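Read top to bottom, the protein sequences are chains C and S. Letter 38 of the first sequence, counting from 1, is numbered 38 in this note's numbering, and no numbers are missing. Throughout, this note's numbering is defined as the position within the second sequence, counted from one, plus 1000.
Hints are computed from structural coordinates only; laboratory data are not their basis. Mixed in with the good hints there might be a few duds.
Here are the simulated distance ranges between beta carbons [stated by the list, open to error]:
#: 1; chain 1: C; residue 1: Val91; chain 2: S; residue 2: Asp1041; range: 58 to 64 Å
#: 2; chain 1: C; residue 1: Ile177; chain 2: S; residue 2: Met1346; range: 40 to 46 Å
#: 3; chain 1: C; residue 1: Arg258; chain 2: S; residue 2: Asp1361; range: 23 to 29 Å
#: 4; chain 1: C; residue 1: Leu384; chain 2: S; residue 2: Val1130; range: 56 to 62 Å
#: 5; chain 1: S; residue 1: Asp1166; chain 2: C; residue 2: Asp240; range: 44 to 50 Å
#: 6; chain 1: S; residue 1: Met1346; chain 2: C; residue 2: Pro359; range: 35 to 41 Å
#: 7; chain 1: C; residue 1: Val91; chain 2: S; residue 2: Lys1090; range: 39 to 45 Å
#: 8; chain 1: S; residue 1: Val1130; chain 2: C; residue 2: Ser291; range: 54 to 60 Å
#: 9; chain 1: C; residue 1: Thr327; chain 2: S; residue 2: Asp1361; range: 20 to 26 Å
#: 10; chain 1: S; residue 1: Met1346; chain 2: C; residue 2: Thr327; range: 28 to 34 Å
#: 11; chain 1: S; residue 1: Gly1007; chain 2: C; residue 2: Pro111; range: 27 to 33 Å
#: 12; chain 1: S; residue 1: Ser1039; chain 2: C; residue 2: Pro111; range: 57 to 63 Å
#: 13; chain 1: S; residue 1: Val1130; chain 2: C; residue 2: Tyr145; range: 26 to 32 Å
Nothing here was measured: the structure is a model prediction, and the numbers come from that model. Positions of the beta carbon are idealized from the N, C-alpha and C atoms, including for glycine.
These are the residues of each chain, in order.
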Amino acid sequence: MTTTIFDAMAAQRNHATVGRHPAAAAAPAAASPAPDATASARAASSDVPPSPTGTQRLTFAKAITLGLRRALADDPKVLLMGEDIGRLGGVFRVTDGLQAEFGEDRVVDTPLAESGIVGTAIGLAMRGYRPVVEIQFDGFIFPAYDQITTQLAKMHYRSKGALQLPVVIRVPYGGGIGAVEHHSESPEVLFAHTAGLRVVTPSSPAEAYALIQQAITSPDPVLFFEPKGRYWEKGDVDLDAAAPAPHGSTATGMDSARVVRTGTDVTLVAYGPTVATAVKAAEAAAAEGTSIEVVDLRTLSPLDTATVAESVRRTGRCVVVHEAPVTYGSGAEVAARITEDCFFHLEAPVLRVGGFATPYPVAKIEHDYLPGLDRVLDAVDRALAF
Amino acid sequence: MLPAVEGGPLADEGLVQLLTPAGERVENPEYDRYVAHLSDDDLRAMYRDMVLTRRFDTEATALQRQGELALFAQALGQEAAQIGSGHALKPQDHVFPSYREHGVAHVRGVELAQVLRLFRGVDHGGWDPVAHGFHLYTLVIGSHTLHATGYAMGVQRDGLVGTGDDERDTAVVAYFGDGATSQGDVSEALVFAAVNDAPVVLFCQNNQWAISEPTTRQAAAPIAARAPGFGIPAVRVDGNDVLASYAVTAQALERARSGGGPTFVEAFTYRMGAHTTSDDPSRYRTSEQEEHWRRRDPIDRLRTYLESRGALPAEFVDALQAEADAFGERLRTQVRAMGHPSSASMFEHVYATPHAGVEADRAWFEKYESSFLDAREGSHR
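Kindly generate the complete structure, drawing on both the sequences and the hints.
Okay, structure coming up:
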């Protein structure tokens, strides 16, 4: 009788594990009892050329690449994981060149399994690593939704702080690239609604460069939503400005909204892809004599209500703009908070501009779904008409 | 006896067995070497752990019936699979349990009363997962097989596989049930474990039931048969045989620690109790089946073996009985003394760093609470 009836595969396996990982290769068997993988990885990372400095004009995508690169160079525990992120550099090339520079164990091409990617990232984080996971497209995050909401978000709470899970999940999100279905979604509110997660989204290359590093140093899990329709837009990035705060610091700078443009008549609240739209709307309105203040939320969890409220107390009017459906969306949250905080300062109800209560439409008509300049200005006019 | 089941997930064919149900030691050329070093003291230690685990089950079930616990999930009948595998672990190994791994928890030094904090509703966990190398129970079926695999990938990166140093080489074990193998996460764990050669043992306790659904609703072939399709060697073991459970786990752990990659273990056993105390197994299974498995009781089997060797002296049995009684009494006292968590504790540890939303809610709640105290000169509860 063969007892191990299923072990035929064992003989065929290529047991190449030992030595394949730089840390393992660098630590001889007879070395000190305490493993010093960190030191060996640091030694490895000292071979990496220094990060670029100064102010450069970069695309949004390249700014994230350099932010990731700096995080990889600074901390040997940082790992990138995702589908096609290695040799290909990701379908949007955000991780372009990083595997060549940092190796297959730091920039990990994973199996095509989103729950598996996030679930194993959780395990790696428990072991002291800082995985940065790429979900290839927004619509593919749902297979990982269970791991993110029931496991990643809750582990610190359940363990009463014994376990920290500093996992970053990068999600290219939103529309405007003419994609097929499930490649343009705005699921950010699902995660902002889940306690235990931080949810951030940059609106410019400079913001993206700083925010990705802050997200990686955060001891909490962070959903990092990248407005994929802006990946190719350029902006000036000060590569020296955003030295990340040390691990565990509360001063990562992630939790605050930012006034992008000042004005006196209406506050436009936007985040991620719609910030640029809001700024354009403000410029157009200025030509007609209306002064618009634009606030970039930057973070949906926590929501920096104070910065928005301060603006609305001055302008008396507020319009919230996002790509996600208006129904139960982040605009509803902002509107409710502002109504509570600024009721006696409001000259008009808080209005919302966003996606419709439909599935994301086909690419040929997505310009009618996305909140563009005209719909934003229409809402501004309605607010001023009260 | 029930008719033998041929083929399929309920067949008990090809099981590694070192002790027959009658408690007779049978030779096994492949696995004998993994148990050769075990002394009678070691076997008695396993016997003790099985008896205490069962006592824990009995007491916790009673506590639930008395209204002291909201729910309890018994490990009744699975003691050999848990104690045998648990004893094969080294201190540096890490365990990712499901939610009825009380025997493994006990072996890992978790005080079993702490396990009941979850079931009493005073805690979402109950013990320090880092200190014991025994992670928190996982209620979402199969999720933790991925955590175990990822953790094992971290162990690899730490250079703690295949160094040849017994004190350093580290393995990870995930415990899950037959029902969990229907979940996508378990298949994804097999994929990740296989392609990464992760030092993980995927230990499936096939206890024949996923609440009321038999294994035949989860699988059309033996559960272990699927692992080789992922490139992972698998072994079926008699999960009611503590020696065999020890041996196959020791082999799998050795493979993992030495850099040989993952192993899938199917421990063929039976959940003699209900799924949880909310369940009524009489609705879905026959008394004949339960009786069939009662005759294969894992504790009886080891006791018979030890007695046949003259290795279970009356003094040991009496002392163990007294220890179990004292343990039961202590458990009852500890559970009733667990107290009530403060309402404000719900705001603790949501995040590792302050979060404005949580802090605002906390501030509001504290103000609200204090308003009652001001009004009534005392607790409003």
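(message) Checking each numbered hint in turn, tell me which of them this model violates, lowest number first.
(response) Of the numbered hints, just 12 does not hold.
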